[in-house]
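Protein chains in written order, with this note's numbering: chain A, 1 to 106; chain B, 1 to 258; chain C, 1 to 162.
There could be a bad hint or two in this list.
[Said to hold, decoys possible] Quick list of in silico lysine-lysine cross-link-like pairs, BS3-like style, CA-CA up to 25 Å:
#1 Lys131/C with Lys57/C
#2 Lys40/B with Lys184/B
#3 Lys85/B with Lys71/B
#4 Lys84/A with Lys21/A
#5 Lys40/B with Lys71/B
#6 Lys21/A with Lys92/C
#7 Lys21/A with Lys60/C
#8 Lys131/C with Lys92/C
#9 Lys84/A with Lys92/C
#10 Lys40/B with Lys21/A
#11 Lys11/A with Lys21/A
#12 Lys131/C with Lys60/C
No lab work stands behind these hints, which were simulated from the structure alone.
Note that the structure is a prediction, hence the values are computed from the model and not measured.
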Amino acid sequence: MPAALVNVPPKARRGAVIEIKTLMSHVMEPGYRHTAAGEVVPRDIITSFTCRFNGAEIFRADLFPAIAANPFLSFFTTASESGKFEFEWIGDNGFVATASAAITVE
Amino acid sequence: MRPQALLAAALLGMALPVLAGEIAPSGRRSGYDFMSADSKAMQDDDTANPAMLSVLEGETLWTTKAGAADKSCSDCHGAVDVSMKGVAARYPAFSAASAAPVDLGQRVNLCRRQHQEADPFAPESRELLALTALIAKQSRGMPITAGGDPRLASSVARGRELFVQRQGQLNLACANCHDDNWDKHLAGSAITQGQPTGYPIYRLEWQGMGSLQRRLRGCMTGIRAQAFDFDAPDMIALELYLMSRAHGMTMDAPAVRP
Amino acid sequence: MVSMFDPLHLSRRHLLQLAGTLTAATALPLVTVRPAQATPAMLASAIRNLVGEAQVKTGKVRLDIPPLVENGNTVPMTVSVDHPMTPDSFVKSIHVFNEKNPQPNVANFHLTPSAGRAQVTTRIRLADTQKVVAIAKLSDGTFWSISVDVIVTLAACTEEMP
Numbered sequence: 001m002p003a004a005l006v007n008v009p010p011k012a013r014r015g016a017v018i019e020i021k022t023l024m025s026h027v028m029e030p031g032y033r034h035t036a037a038g039e040v041v042p043r044d045i046i047t048s049f050t051c052r053f054n055g056a057e058i059f060r061a062d063l064f065p066a067i068a069a070n071p072f073l074s075f076f077t078t079a080s081e082s083g084k085f086e087f088e089w090i091g092d093n094g095f096v097a098t099a100s101a102a103i104t105v106e
Numbered sequence: 001m002r003p004q005a006l007l008a009a010a011l012l013g014m015a016l017p018v019l020a021g022e023i024a025p026s027g028r029r030s031g032y033d034f035m036s037a038d039s040k041a042m043q044d045d046d047t048a049n050p051a052m053l054s055v056l057e058g059e060t061l062w063t064t065k066a067g068a069a070d071k072s073c074s075d076c077h078g079a080v081d082v083s084m085k086g087v088a089a090r091y092p093a094f095s096a097a098s099a100a101p102v103d104l105g106q107r108v109n110l111c112r113r114q115h116q117e118a119d120p121f122a123p124e125s126r127e128l129l130a131l132t133a134l135i136a137k138q139s140r141g142m143p144i145t146a147g148g149d150p151r152l153a154s155s156v157a158r159g160r161e162l163f164v165q166r167q168g169q170l171n172l173a174c175a176n177c178h179d180d181n182w183d184k185h186l187a188g189s190a191i192t193q194g195q196p197t198g199y200p201i202y203r204l205e206w207q208g209m210g211s212l213q214r215r216l217r218g219c220m221t222g223i224r225a226q227a228f229d230f231d232a233p234d235m236i237a238l239e240l241y242l243m244s245r246a247h248g249m250t251m252d253a254p255a256v257r258p
Numbered sequence: 001m002v003s004m005f006d007p008l009h010l011s012r013r014h015l016l017q018l019a020g021t022l023t024a025a026t027a028l029p030l031v032t033v034r035p036a037q038a039t040p041a042m043l044a045s046a047i048r049n050l051v052g053e054a055q056v057k058t059g060k061v062r063l064d065i066p067p068l069v070e071n072g073n074t075v076p077m078t079v080s081v082d083h084p085m086t087p088d089s090f091v092k093s094i095h096v097f098n099e100k101n102p103q104p105n106v107a108n109f110h111l112t113p114s115a116g117r118a119q120v121t122t123r124i125r126l127a128d129t130q131k132v133v134a135i136a137k138l139s140d141g142t143f144w145s146i147s148v149d150v151i152v153t154l155a156a157c158t159e160e161m162p
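Given these sequences and hints, build the entire structure.
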């Protein structure tokens, strides 16, 4: 599994709006570059990122070659109950990576 | 003009190309200092700093057994945050075996050969950058002490010589930019003073990690010079001189740089 | 499109056609007040794919991106929408486009009312000095946009591929 960094506050007050930050290690080869020999380097990018909370999708992103390598995404959610965030990155050449983080809501 | 004054002027004239730009200790600034607020913010937050992905990989490698000896780094060194504290701040360091300085990457590879009985990692390999990033992070906030070892004096002097020596089709020495023109701009980025406080770095240009050697090779290619080979003695001497310039400055590895 | 016509040699028919083109272009859901010809066709068409025939209003959306980037390979960008996030009224999605990269799409972000705040940060690649456009789609079906100009300078010291 490639290295991924997800940052979710371990605890939050009910109703608080919290920030979630994710970093995924990936080359994000755009498919527009050429080797010294003139051959196109084939595209190899992450195309989709999804965050689910207790099974329900709360955030999704479609990514294109214009996203920089090692994609960073930060977004917000409202802490409603304790539970588990699940993160999924899907990309070219069968790339799939997952991560998860728990939160306690008081 | 009296002969004495003439002599003084002549000496001054000779000395100028070498000494004019020397940066006084109080005026020294790290590459971090020259960055935009956005890039600083990227480095300051460990959950946003992409170099931390490499550190994470390094943590895995640190405890992974390797080589014929089937040993991991931690089998000898224990916890990285204890044993490696401050280590990167004194590299390149003197190696008694070769009676020459070795940089941090070379030190890791010496360990691999001697103690793990494994093949060395290639220069700029993912693994070598990950381990050096992990080790360098343990010196964060600590003062750089590299170059202080008297056994390295001749290597520091050699590095200094290389630093002020013009080279390449553009006929530029490192000093022409980094002593004489720092804080001016090349395209969107400031010219820095060449104080390598944060290596290995995550460079926005590279969209990835790289060592000081890679950065120096980039500079050499930029001035249309023949880049030194990775790990060449002159490369290590130049690294050593740069770290000695930064003596006393605070490590901020693994840094983000434009 | 318009630049294909040589203004010195326009016939009345050409002028009528041109007028027709401009009218059609004005009716298109353009996101900036700039004339149609300032927007490369790919960007315009990518935006049309998103919004269809709907009107795109300027406002509500904020795009934080350095006006002069340090390196076009990794440009931090935050897009936010000044709109409440309630089950009845919320930002459904945010779409980021660019003008001069090889393709116009940068990213689409799909939100839910539980987000609490319609704000996303990422890092993008900009191949050249250009315009970046963000469009928000609200739950009531309206589209809001902003366009920002970014200056990209090439790296001073390039190097061979490692």
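The hints, checked one at a time:
1. Lys131/C with Lys57/C: holds, 17 Å
2. Lys40/B with Lys184/B: holds, 19 Å
3. Lys85/B with Lys71/B: holds, 21 Å
4. Lys84/A with Lys21/A: holds, 15 Å
5. Lys40/B with Lys71/B: Distance ~38 Å between Lys40/B and Lys71/B Cα, so the pair is violated.
6. Lys21/A with Lys92/C: holds, 20 Å
7. Lys21/A with Lys60/C: holds, 24 Å
8. Lys131/C with Lys92/C: holds, 23 Å
9. Lys84/A with Lys92/C: Given pair Lys84/A, Lys92/C holds - Cα atoms ~23 Å apart, limit 25 Å.
10. Lys40/B with Lys21/A: Roughly 17 Å between the alpha carbons, so the hint for Lys40/B and Lys21/A holds.
11. Lys11/A with Lys21/A: It holds: about 15 Å lies between the C-alpha atoms, which stays within 25 Å.
12. Lys131/C with Lys60/C: Holds. Lys131/C to Lys60/C sits at ~18 Å (cutoff 25 Å).
In this structure, the one hint that does not hold is number 5.
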